[in-house]
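Engineer: Given next are the chains, with one letter for each unit.
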Amino acid sequence: MTWWQMRKRDADVERELQSDLALEEEEQREHGVPPDEARHAALRSFGNRTLISEQTREVWSWNGLESLLRDLRISVRTLFRSPGFSIIAVLVMALCIGATTSLFTVVRSVLLRPLPFRDPDGLVMIYEHFRDPSMNAQQFNYNAVAPADYYDWRTQTHGFDDMAAWRWWQFTLTGERGELPELVSARGGTWNLFPLMGVNAVIGRTFTESEDRPDGNAVMLTWSLFQRRFGGSPSIVGRQIHLDGTPYTIIGVLPNWFSYPDAKIQVWVPYASGLPPEILKHHDFHFSRVVARLKPDVSLANALSQVEAVQYWLHLQNLNAPVAEDVASRTLIQDLAQDVRKPLVILLCAVMCMLLIGCLNVANLMVARSAARQKEIAVRSALGARRMTLIREQLMESLLVSLAGGITGMLLSLAATKWLVTTWTNLPSARSVHADGVVLAFACALFISAALPAGLLAAISSTGKQGIAALQASSRGAAGSQARTALRKTLLTVEIATTVVLLMAAGLLLKNFWRLRSTDVGSATDNVLTMGYSLPAKKYDSPEKMNAFNETLLEQVRTMPGVRAAALGSIVPGAGPGGDDSFTIPEHPPIAPGTALPDALSRLADPGYFSTLQIPLLNGRFFTTEDRVGRPKTIIINQQLAKQYFLGENPLGKHLHVAARGDANYEIVGMVADTLYQVGQPGKATMYFPVLNGEIYEGLTLVVRTEADSLVFSVPIQKKIMELDPELPVSYVLTMQQIIERSLGNASLTASLVLGFAVLSLILASVGLYGVLSYITTQRTGEIGVRMALGAQREEILRVMLGDGLRPALYGLTLGLAASIWAVRLIQSMLYGTQPLDPAIFASVAVSMLVVAALACLVPAWRASRIDPMQALRME
Amino acid sequence: MSTMAKHTRQRANVLQGTLDMLILRTLLYGPAHGHQIGKHIQRTTNDFLQMQHGSLYPALHRLEKRGWVVSKWETAPDRNREFKYYQLTEKGRKQLTLEESQWKQMAKAVARIMWPEAEES
Numbered sequence: 001m002t003w004w005q006m007r008k009r010d011a012d013v014e015r016e017l018q019s020d021l022a023l024e025e026e027e028q029r030e031h032g033v034p035p036d037e038a039r040h041a042a043l044r045s046f047g048n049r050t051l052i053s054e055q056t057r058e059v060w061s062w063n064g065l066e067s068l069l070r071d072l073r074i075s076v077r078t079l080f081r082s083p084g085f086s087i088i089a090v091l092v093m094a095l096c097i098g099a100t101t102s103l104f105t106v107v108r109s110v111l112l113r114p115l116p117f118r119d120p121d122g123l124v125m126i127y128e129h130f131r132d133p134s135m136n137a138q139q140f141n142y143n144a145v146a147p148a149d150y151y152d153w154r155t156q157t158h159g160f161d162d163m164a165a166w167r168w169w170q171f172t173l174t175g176e177r178g179e180l181p182e183l184v185s186a187r188g189g190t191w192n193l194f195p196l197m198g199v200n201a202v203i204g205r206t207f208t209e210s211e212d213r214p215d216g217n218a219v220m221l222t223w224s225l226f227q228r229r230f231g232g233s234p235s236i237v238g239r240q241i242h243l244d245g246t247p248y249t250i251i252g253v254l255p256n257w258f259s260y261p262d263a264k265i266q267v268w269v270p271y272a273s274g275l276p277p278e279i280l281k282h283h284d285f286h287f288s289r290v291v292a293r294l295k296p297d298v299s300l301a302n303a304l305s306q307v308e309a310v311q312y313w314l315h316l317q318n319l320n321a322p323v324a325e326d327v328a329s330r331t332l333i334q335d336l337a338q339d340v341r342k343p344l345v346i347l348l349c350a351v352m353c354m355l356l357i358g359c360l361n362v363a364n365l366m367v368a369r370s371a372a373r374q375k376e377i378a379v380r381s382a383l384g385a386r387r388m389t390l391i392r393e394q395l396m397e398s399l400l401v402s403l404a405g406g407i408t409g410m411l412l413s414l415a416a417t418k419w420l421v422t423t424w425t426n427l428p429s430a431r432s433v434h435a436d437g438v439v440l441a442f443a444c445a446l447f448i449s450a451a452l453p454a455g456l457l458a459a460i461s462s463t464g465k466q467g468i469a470a471l472q473a474s475s476r477g478a479a480g481s482q483a484r485t486a487l488r489k490t491l492l493t494v495e496i497a498t499t500v501v502l503l504m505a506a507g508l509l510l511k512n513f514w515r516l517r518s519t520d521v522g523s524a525t526d527n528v529l530t531m532g533y534s535l536p537a538k539k540y541d542s543p544e545k546m547n548a549f550n551e552t553l554l555e556q557v558r559t560m561p562g563v564r565a566a567a568l569g570s571i572v573p574g575a576g577p578g579g580d581d582s583f584t585i586p587e588h589p590p591i592a593p594g595t596a597l598p599d600a601l602s603r604l605a606d607p608g609y610f611s612t613l614q615i616p617l618l619n620g621r622f623f624t625t626e627d628r629v630g631r632p633k634t635i636i637i638n639q640q641l642a643k644q645y646f647l648g649e650n651p652l653g654k655h656l657h658v659a660a661r662g663d664a665n666y667e668i669v670g671m672v673a674d675t676l677y678q679v680g681q682p683g684k685a686t687m688y689f690p691v692l693n694g695e696i697y698e699g700l701t702l703v704v705r706t707e708a709d710s711l712v713f714s715v716p717i718q719k720k721i722m723e724l725d726p727e728l729p730v731s732y733v734l735t736m737q738q739i740i741e742r743s744l745g746n747a748s749l750t751a752s753l754v755l756g757f758a759v760l761s762l763i764l765a766s767v768g769l770y771g772v773l774s775y776i777t778t779q780r781t782g783e784i785g786v787r788m789a790l791g792a793q794r795e796e797i798l799r800v801m802l803g804d805g806l807r808p809a810l811y812g813l814t815l816g817l818a819a820s821i822w823a824v825r826l827i828q829s830m831l832y833g834t835q836p837l838d839p840a841i842f843a844s845v846a847v848s849m850l851v852v853a854a855l856a857c858l859v860p861a862w863r864a865s866r867i868d869p870m871q872a873l874r875m876e
Numbered sequence: 877m878s879t880m881a882k883h884t885r886q887r888a889n890v891l892q893g894t895l896d897m898l899i900l901r902t903l904l905y906g907p908a909h910g911h912q913i914g915k916h917i918q919r920t921t922n923d924f925l926q927m928q929h930g931s932l933y934p935a936l937h938r939l940e941k942r943g944w945v946v947s948k949w950e951t952a953p954d955r956n957r958e959f960k961y962y963q964l965t966e967k968g969r970k971q972l973t974l975e976e977s978q979w980k981q982m983a984k985a986v987a988r989i990m991w992p993e994a995e996e997s
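Chains A and B are the protein sequences, given in the same order.
Everything in the first sequence is counted per the numbering used here, starting at 1 for the first residue and increasing by one.
Everything in the second sequence is counted per the numbering used here, starting at 877 for the first residue and increasing by one.
Everything labelled a hint here was simulated from the structure, so no lab data went into it.
Where a beta carbon is used, it is the ideal one built from N, C-alpha and C, also for glycine.
Careful: at least some of the hints might be erroneous.
Facing chain B, from chain A, some residues (calculated, C-beta under 8 Å) [said to hold, decoys possible]:
#: 1; residue: 16
#: 2; residue: 20
#: 3; residue: 23
#: 4; residue: 24
#: 5; residue: 46
#: 6; residue: 47
#: 7; residue: 48
#: 8; residue: 51
#: 9; residue: 55
#: 10; residue: 56
#: 11; residue: 59
Listed next, the stretches of chain B that the computed footprint assigns to chain A, with coverage defined by at least 3 CB atoms under 8 Å from CB atoms of chain A [claimed, not checked]:
#: 12; region: 901-913
#: 13; region: 925-934
#: 14; region: 954-961
The following block holds chain A by itself, in its conformation from the complex (with noise of 0.2 Å):
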């Protein structure tokens, strides 16, 4: 029908009606009625004149659609009336539905959504496992592989439909004339990896088997790269580029949804590419991650089981060597979520609780309206309306609400996802964080579940009420809605438990952090800069011209103005655990078969490194520049090497020999005090060796002290290097505090959004409580006019009201405390050196709950006490 329609059919039924009426007055008056009472007879026999033209009208309605209109201009106007009251609802709903979609989107990006790879559910990585309690403690349950364990696992086990390997890499890409130098990030793959995961080259193809070979020199670009560098002219496959100076040909491109393991990485080589032979033969040196498919009709368990079986035979040839006696798998998907899964279902139960609150203080609110129009209400029920009519009504109020509150959170919930996304700095990015329709739906689900029953509660709770008794309820007769009051005070009861849980997690979660970014690392951290560069084995291809480089630079920085000292090694104290070796004692008895060697973090330092680091001389000396190539090897170690291996002996003198470092003797020199080699991580056993002993395996690091703010020196300390090698990139320029910032970055991300949620929700809590003391205050104010009449005195008022309102807040904390209990062994795994049941905390979180509580009462109980008496006897 349309609207045409339906004004002609609205008019014809009023016609209808009006001159039936007329000729029912007709007919009084020529019964011989009075004019003027004929016309009220008509009326009365003719009855509700207006239910019946609506009910008349309703027949002809078409699926209630007209109705249903009414209601919504109904309810918009209602909402208009008290914008205070909408704009907060709407907000309130906006904020928790935002933020509970925006988690939602990057755990199902994350952690739910399949890899778009072919078949993902069939693809595990494996992990060497090393048996012993105190290496898992250390997280080497999940240990890299060494690449003769990978060739022995693919070649001797058939559970697996294949297996694949890669390693981590990186080069200084530049062009074949060596211009335009930049370090890129790279990775090794074999040649089965991609055919495997299926993922295919969107121009040319991927590594042969006969490429991944020591001596191969292909390359597969990655999308961003070929757009980025080579302009995506597919032209470019068949052409070199040289790597650390030596030529590859670039045999194909990735696609650009490619960006498995991460999204930084720029070039593929094949996996033996560049690697000395001899390393491949070797079981101990762990550097790959291994990639399995499984055949459609073996279990895992099955499969794995074989793989076990070779690598504790494999164990067994190496007892010496650190070589795990069993492995370990998970699957791809928990591979690359392993850092974030935690944090984010933490946060995810957060925000959840932050949506329960904020639904709750929905509820709460739109019950405090409800009562407010509980005569409105009484008064239309007594005109006809009907109790399905005024249910619907209050429904699509709520509805309204929450609509407004859902549209307006899933646009916020985009732009708090893009900022999640980028401030989450080690969310793996192997896929991209989007919204889909899977998130929609569930933005859709959670603002039905949500929203709906926060408006239902009050609907239903409100109409229950005989007409009558309301109309006739005057604000002594406060008994009829005592029941109401229960309710909001379990509301809140709820509300405060919730957020006392909330304030618990955001106060362990931040005293952890600050504890983390409190701690001291054993070095100098204020004033220092760090850059890093490798120099190309091709161009630097003896330790007499590696030696030359480093020294000049350091020359010529140490004698920039301003700089205070200034030291060459690989990594500095924070920065992450580097590599590790294994060793042995020659001066102490063999160690027994069967046990693994001990084992040590590698580090390289020069004769400056410690001094600029300012890291304390226990024992012995430092490197001089005598110890470099050519002369004894010398060695220095920390003091838990000492304390671990040579206990009750001075070590200085006596000898390491690192199988991995030339198959050499090192003498021990000196012992320097410890350090840690990241925030929250125990402190481990380290060896350094010199710098310029000309064995560089990996990476340099220049450390720079100067006397005020380091960041400025970055720009010239480049030039120099840039004068001296122009083809040679920096890289990670960054001082002390940003690598250990950075090593914190999602502690702090997790706490602070943790705590936003906590604030939000104690605001919520607290203004719910205002709200429910207040009404009940409204409620009350004619029994109090009595009571004071009747001599109470005002503290006695005011003490009553604020019982009443934090009775429901003492519950709560109580039930909150306990709750927390048991939800704080959530983050346990998460803190470092924080007790889960801190009792500072508790004490604090009470204290503030108690205090907020306290300050939302006062207002309404302080008004209830100031009540005039005789003007609240009056009002009734």
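Mind docking chain B on chain A? Use the hints.
Structural biologist: Chain B in isolation, oriented as in the chain A frame:
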């Protein structure tokens, strides 16, 4: 007063579901407007059946929507004013026959239970 007497007499509301049939039967005499139909039902039953306007008009429109009656604005012969007259359609006649037979069955069934010996005699 006579009106007072009327009010004291026992009366009933039209049974749920029978109103449509009563209206259709009334219209068998010829077209009529709402007021006439209501008055007719009331008068014929000696005011026993009370016509609620709140049910009458929705019922009329319901019948119209179903196509059992059609309506037309026409001038009443005695009033010199237009009223909305309802007229029975062929479909409406059939419906009346159907409802009548259903009602008869119903009445018989009820009677058999209520006055079993009367039925036997």
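Engineer: Each hint should be assessed against the structure and marked as holding or not.
Structural biologist: These are the hints, each one checked on the structure:
1. Taking 8 Å as the C-beta cut-off, the interface hint given for residue 16 (chain A) holds, the closest approach to chain B being about 4 Å.
2. With 8 Å as the threshold, the beta carbon of residue 20 (chain A) comes within range of chain B, its nearest partner Cβ sitting at about 4 Å, so the hint holds.
3. Nearest Cβ of chain B to the Cβ of residue 23 (chain A): about 5 Å, under the 8 Å cut. The hint holds.
4. The interface hint given for residue 24 (chain A) holds, since its Cβ lies 6 Å from the closest Cβ of chain B, which is under the 8 Å cut-off.
5. Given hint, residue 46 (chain A) at the interface with chain B, holds; its Cβ is 5 Å from that chain's nearest Cβ, closer than 8 Å.
6. With 8 Å as the threshold, the beta carbon of residue 47 (chain A) comes within range of chain B, its nearest partner Cβ sitting at about 5 Å, so the hint holds.
7. Proximity of residue 48 (chain A) to chain B holds as hinted, the smallest CB-CB distance being about 7 Å (cut-off 8 Å).
8. A hinted interface residue such as residue 51 (chain A) counts as satisfied when its beta carbon comes closer than 8 Å to some beta carbon of chain B; here the least separation is about 6 Å, so the hint holds.
9. The interface hint given for residue 55 (chain A) is met, as the beta carbon of that residue sits about 5 Å from the closest beta carbon of chain B, less than 8 Å.
10. Because the beta carbon of residue 56 (chain A) sits about 4 Å from the nearest beta carbon in chain B, less than 8 Å, this interface hint is met.
11. Satisfaction of the interface hint for residue 59 (chain A) is found here, the shortest Cβ-Cβ separation to chain B being roughly 4 Å, below the 8 Å cut-off.
12. Given as covered by chain A, the region 901-913 of chain B passes the check, having 3 residues with a CB less than 8 Å from a CB of that chain where 3 are the minimum.
13. Judged by the Cβ-Cβ criterion of 8 Å, the region 925-934 of chain B is covered by chain A as claimed, because 5 of its residues qualify and three suffice.
14. For the region 954-961 of chain B, the assignment as covered by chain A holds, since 5 residues bring a beta-carbon within under 8 Å of that chain's beta-carbons and 3 suffice.
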